[in-house]
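> We have chain C already, so just place chains G, L, U, F and Z on it with the hints.
Protein chains in written order, with my numbering: chain C, 2 to 172; chain G, 2 to 172; chain L, 2 to 172; chain U, 2 to 172; chain F, 2 to 172; chain Z, 2 to 172.
It should be emphasised that the hints constitute simulated quantities derived from the structure, not laboratory data.
Mixed in with the good hints, there may be bad ones.
Derived CB-CB ranges, DEER-like [unchecked claim]:
#, chain 1, residue 1, chain 2, residue 2, range
1, L, Asp67, U, Pro122, 29 to 37 Å
2, G, Arg166, U, Leu80, 49 to 57 Å
3, F, Gln45, C, Glu119, 48 to 56 Å
4, G, Glu146, U, Asn132, 56 to 64 Å
5, U, Glu97, F, Gly160, 52 to 60 Å
6, C, Glu26, F, Gly160, 30 to 38 Å
7, Z, Pro121, G, Gly114, 27 to 35 Å
8, C, Glu119, L, Glu26, 23 to 31 Å
9, Z, Leu68, C, Leu80, 46 to 54 Å
Everything numeric in this text was worked out from a predicted model, so none of it was measured.
All residues carry an ideal CB built from backbone N, CA and C; glycine is no exception.
There are 6 protein chains.
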Amino acid sequence: MRALFPGRFQPFHKGHLAVVKWSLERVDELVIVVGSAQESHTLQNPMTAGERVLAIRRALEDEGIDLRKVYIIPVPDILMNSAWVAHVRTYVPPFEAVVTRNPLVKVLFEEAGYEVLEPPPFGREKYVATNIRALMALGDPKWEEMVPRAVAEIIKELGIIRRMRELSKRD
Amino acid sequence: MRALFPGRFQPFHKGHLAVVKWSLERVDELVIVVGSAQESHTLQNPMTAGERVLAIRRALEDEGIDLRKVYIIPVPDILMNSAWVAHVRTYVPPFEAVVTRNPLVKVLFEEAGYEVLEPPPFGREKYVATNIRALMALGDPKWEEMVPRAVAEIIKELGIIRRMRELSKRD
Amino acid sequence: MRALFPGRFQPFHKGHLAVVKWSLERVDELVIVVGSAQESHTLQNPMTAGERVLAIRRALEDEGIDLRKVYIIPVPDILMNSAWVAHVRTYVPPFEAVVTRNPLVKVLFEEAGYEVLEPPPFGREKYVATNIRALMALGDPKWEEMVPRAVAEIIKELGIIRRMRELSKRD
Amino acid sequence: MRALFPGRFQPFHKGHLAVVKWSLERVDELVIVVGSAQESHTLQNPMTAGERVLAIRRALEDEGIDLRKVYIIPVPDILMNSAWVAHVRTYVPPFEAVVTRNPLVKVLFEEAGYEVLEPPPFGREKYVATNIRALMALGDPKWEEMVPRAVAEIIKELGIIRRMRELSKRD
Amino acid sequence: MRALFPGRFQPFHKGHLAVVKWSLERVDELVIVVGSAQESHTLQNPMTAGERVLAIRRALEDEGIDLRKVYIIPVPDILMNSAWVAHVRTYVPPFEAVVTRNPLVKVLFEEAGYEVLEPPPFGREKYVATNIRALMALGDPKWEEMVPRAVAEIIKELGIIRRMRELSKRD
Amino acid sequence: MRALFPGRFQPFHKGHLAVVKWSLERVDELVIVVGSAQESHTLQNPMTAGERVLAIRRALEDEGIDLRKVYIIPVPDILMNSAWVAHVRTYVPPFEAVVTRNPLVKVLFEEAGYEVLEPPPFGREKYVATNIRALMALGDPKWEEMVPRAVAEIIKELGIIRRMRELSKRD
Numbered sequence: 002m003r004a005l006f007p008g009r010f011q012p013f014h015k016g017h018l019a020v021v022k023w024s025l026e027r028v029d030e031l032v033i034v035v036g037s038a039q040e041s042h043t044l045q046n047p048m049t050a051g052e053r054v055l056a057i058r059r060a061l062e063d064e065g066i067d068l069r070k071v072y073i074i075p076v077p078d079i080l081m082n083s084a085w086v087a088h089v090r091t092y093v094p095p096f097e098a099v100v101t102r103n104p105l106v107k108v109l110f111e112e113a114g115y116e117v118l119e120p121p122p123f124g125r126e127k128y129v130a131t132n133i134r135a136l137m138a139l140g141d142p143k144w145e146e147m148v149p150r151a152v153a154e155i156i157k158e159l160g161i162i163r164r165m166r167e168l169s170k171r172d
Numbered sequence: 002m003r004a005l006f007p008g009r010f011q012p013f014h015k016g017h018l019a020v021v022k023w024s025l026e027r028v029d030e031l032v033i034v035v036g037s038a039q040e041s042h043t044l045q046n047p048m049t050a051g052e053r054v055l056a057i058r059r060a061l062e063d064e065g066i067d068l069r070k071v072y073i074i075p076v077p078d079i080l081m082n083s084a085w086v087a088h089v090r091t092y093v094p095p096f097e098a099v100v101t102r103n104p105l106v107k108v109l110f111e112e113a114g115y116e117v118l119e120p121p122p123f124g125r126e127k128y129v130a131t132n133i134r135a136l137m138a139l140g141d142p143k144w145e146e147m148v149p150r151a152v153a154e155i156i157k158e159l160g161i162i163r164r165m166r167e168l169s170k171r172d
Numbered sequence: 002m003r004a005l006f007p008g009r010f011q012p013f014h015k016g017h018l019a020v021v022k023w024s025l026e027r028v029d030e031l032v033i034v035v036g037s038a039q040e041s042h043t044l045q046n047p048m049t050a051g052e053r054v055l056a057i058r059r060a061l062e063d064e065g066i067d068l069r070k071v072y073i074i075p076v077p078d079i080l081m082n083s084a085w086v087a088h089v090r091t092y093v094p095p096f097e098a099v100v101t102r103n104p105l106v107k108v109l110f111e112e113a114g115y116e117v118l119e120p121p122p123f124g125r126e127k128y129v130a131t132n133i134r135a136l137m138a139l140g141d142p143k144w145e146e147m148v149p150r151a152v153a154e155i156i157k158e159l160g161i162i163r164r165m166r167e168l169s170k171r172d
Numbered sequence: 002m003r004a005l006f007p008g009r010f011q012p013f014h015k016g017h018l019a020v021v022k023w024s025l026e027r028v029d030e031l032v033i034v035v036g037s038a039q040e041s042h043t044l045q046n047p048m049t050a051g052e053r054v055l056a057i058r059r060a061l062e063d064e065g066i067d068l069r070k071v072y073i074i075p076v077p078d079i080l081m082n083s084a085w086v087a088h089v090r091t092y093v094p095p096f097e098a099v100v101t102r103n104p105l106v107k108v109l110f111e112e113a114g115y116e117v118l119e120p121p122p123f124g125r126e127k128y129v130a131t132n133i134r135a136l137m138a139l140g141d142p143k144w145e146e147m148v149p150r151a152v153a154e155i156i157k158e159l160g161i162i163r164r165m166r167e168l169s170k171r172d
Numbered sequence: 002m003r004a005l006f007p008g009r010f011q012p013f014h015k016g017h018l019a020v021v022k023w024s025l026e027r028v029d030e031l032v033i034v035v036g037s038a039q040e041s042h043t044l045q046n047p048m049t050a051g052e053r054v055l056a057i058r059r060a061l062e063d064e065g066i067d068l069r070k071v072y073i074i075p076v077p078d079i080l081m082n083s084a085w086v087a088h089v090r091t092y093v094p095p096f097e098a099v100v101t102r103n104p105l106v107k108v109l110f111e112e113a114g115y116e117v118l119e120p121p122p123f124g125r126e127k128y129v130a131t132n133i134r135a136l137m138a139l140g141d142p143k144w145e146e147m148v149p150r151a152v153a154e155i156i157k158e159l160g161i162i163r164r165m166r167e168l169s170k171r172d
Numbered sequence: 002m003r004a005l006f007p008g009r010f011q012p013f014h015k016g017h018l019a020v021v022k023w024s025l026e027r028v029d030e031l032v033i034v035v036g037s038a039q040e041s042h043t044l045q046n047p048m049t050a051g052e053r054v055l056a057i058r059r060a061l062e063d064e065g066i067d068l069r070k071v072y073i074i075p076v077p078d079i080l081m082n083s084a085w086v087a088h089v090r091t092y093v094p095p096f097e098a099v100v101t102r103n104p105l106v107k108v109l110f111e112e113a114g115y116e117v118l119e120p121p122p123f124g125r126e127k128y129v130a131t132n133i134r135a136l137m138a139l140g141d142p143k144w145e146e147m148v149p150r151a152v153a154e155i156i157k158e159l160g161i162i163r164r165m166r167e168l169s170k171r172d
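Isolated chain C (complex conformation):
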């Protein structure tokens, strides 16, 4: 069975990694959908889709996850919820299930007839992307403990922290 795991991954944190591992114990192949691919350079969405693809890829390699079992595919938004499943389906190989806890994603895929796999709330209280981004914008290094080691490295290498600190300045 092939399943989707959609998210914005701004950034890809340890909770996301736990979901990937949990999923790979249940499905043959996992398609990580990097959503809102067109967004970047804001405090809410600091990284480009390509930067997120790179960070996820490095994290998976660093964790020794078999890349032959994973696809990482950026998908831009479409401003029509009722066509979103069909839109995503265009960008990815055929799949049978979706891994998500998000209410909107669940409703849309259920109405489209897909199976929904709900992962446990891995470290939900600790790994919250909003908090991680707030620390990044403040330049507080505590964000580094919340993401896989390889993600922290690539984020620093790509200059994302400097970008976020600039973006958080006043006009």
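Structure of chains G, L, U, F and Z alone, referenced to chain C:
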């Protein structure tokens, strides 16, 4: 060095595969950009982006190419040539060069300051996507010899031939 | 005279029905424009355009309104207020007036030279779409009294209440 | 059962009317989808969506067809065939089948799991929209015999012939 | 009176310049609308909107035309003819007339209630943008005589000839 | 050197005028980019792009600024920050620098390799567009002192105050 290899890959044929191998002798990582990602279900563009991603992936695996050196990323069209390079750049990891023989792609990436690597015209006379699609629509099995074995299999498995034969009927 | 009556109709309530009746006493034909047609599956816009068209149609039939005097036409948003009147005009038969109390709609149609018919604020304090949607999301059946009987039936038949309750869950 | 009947209806001719009648003998309700709604003012697509809605409505009334069994809904194009069914579905009430002879429409709805009803080729050799438009642009009144009487009247009333004759002039 | 003069100006030639002069004898201010602003880097549309703005500006200055009487404003396409006038109107100061010989432009502005000023066919047989572009792509310097001197200079300075020669190569 | 000065100019106020003058002491030509060109008829964005172009033009003329050194070019939004610089570049003549104090604009142009010229915060406490628009919507004439005289005149002439007062009414 990381390089892009953009194409529509309708379908991914033996000439494309030769370019991938040629590129991987020259660069560290190759990003295969599956262009016109929004197109499908026409005789000119029969496969969805996700179907093309799957076909390319299977071909690379079948050829024993190291997946850690390759990214396969679908990118939709943007109706503005002068912003196309920046648009593509959003979807992919940072890169320094582009592998192409296409005049428009060359002009756009050169004007944007990228290095262009021009591969030899591998089997240009034999592997022409337009001809391959014509054979597919006719149901003539000669198309199978023009694509990597794994691509032929996945195309049949996905029902692309049946789709093309239906699409070529008269109203 | 033919007039437009634009709204989002999320959902079509008794105040809307009163406006339709008021209008049909003043004009020969009424075009009900179901706006923001691309929106659905959110707490703010739960129903698809087609579901809203169906609900309105059933309400009009149930009330014995002559369907030959009414058009129900979904229109998606255009992100340009100054071209919105021309955009709407494309989707509907020629018209001379617009029925509205909305300040933006009034300004845009007045600047375009159309007559504006301002209906009385029918049950404004009782029939507020925001409140109706809040009750629907809570599963509180009081919303049913605020919409025409046929609308309540079709909303339940289409599973809109279940959809809204799912959407209002936490991640 | 509710079924869709999609077309561009540039203009709605006697062959289209025959399909509507044929369909209403087989389904409870018919949704006439006026496609390419955004197109108008060209020789290929002379009428706006609203003008086409009006022409179809008048033809149905003139033929004594019960309007309670028919929906006429304009739908703009989406540049993604694989999401087109979901896009159309947003604009219309729930349906189970589609009435069409068009190969692309058939493939897309079949892949989406809908039943396809194929009507006979009513007067295919006589009622060809391309020919009708050519006569209209030439100002040759023979086009009038090819469309329902009410359509001919509304086309003349709306000034479509004059528009087409202007558009066919040389720069 | 203020009037529009819409065109693609690929490139701005001596016929266009004659229309500008003819117009400025009849109206107080002229708004030159550089249409299809999103197009560039093709043989049909080689120059970006900004390059065309620059070329027109230089030509007007070189001819001693008072810049206080002219606006040069790029406008992207909108894929909806019936909303095009409203779309253009958004980008430009209020105006009363349009200068054009193009049938579609005439029909659209006349239906919107604007006055149409039809200029004489200045050197129609000599100054044809299609022919000028063909000469440019061939590298034949005869194109230079067909455009104002300042336009020829800026085209060479911007590297447009080299771009067109590259674009006209075979894959 | 040619530089860009991007803004929304809702409306163009005395602080903006000071930046234009400051820039023209440092660069040869200034391109005033009227951003969010597609927005209008809201309290946040009351004026169309064309109305803003007209207001800026009148202000520059009234101040005796040489129009041969200035371009005023409307540019619509693109929903992709990482492609925004390339998008803007399409609409304007070639340039080397950008005049801005906006953090996002700085980050985007710096990442694209452009020089950023940061003007002093001219009358920052006095000339705040948000406050000016609030006064305009209230009908408080104090806004007139905050914009160049010619801008105040054209705003009144175009009926912008009346439009804003209408838009600020309750439904």
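> Among all the numbered hints in the text so far, which are the ones the structure does not match?
Numbers 2, 4, 6, 8, 9, in rising order.
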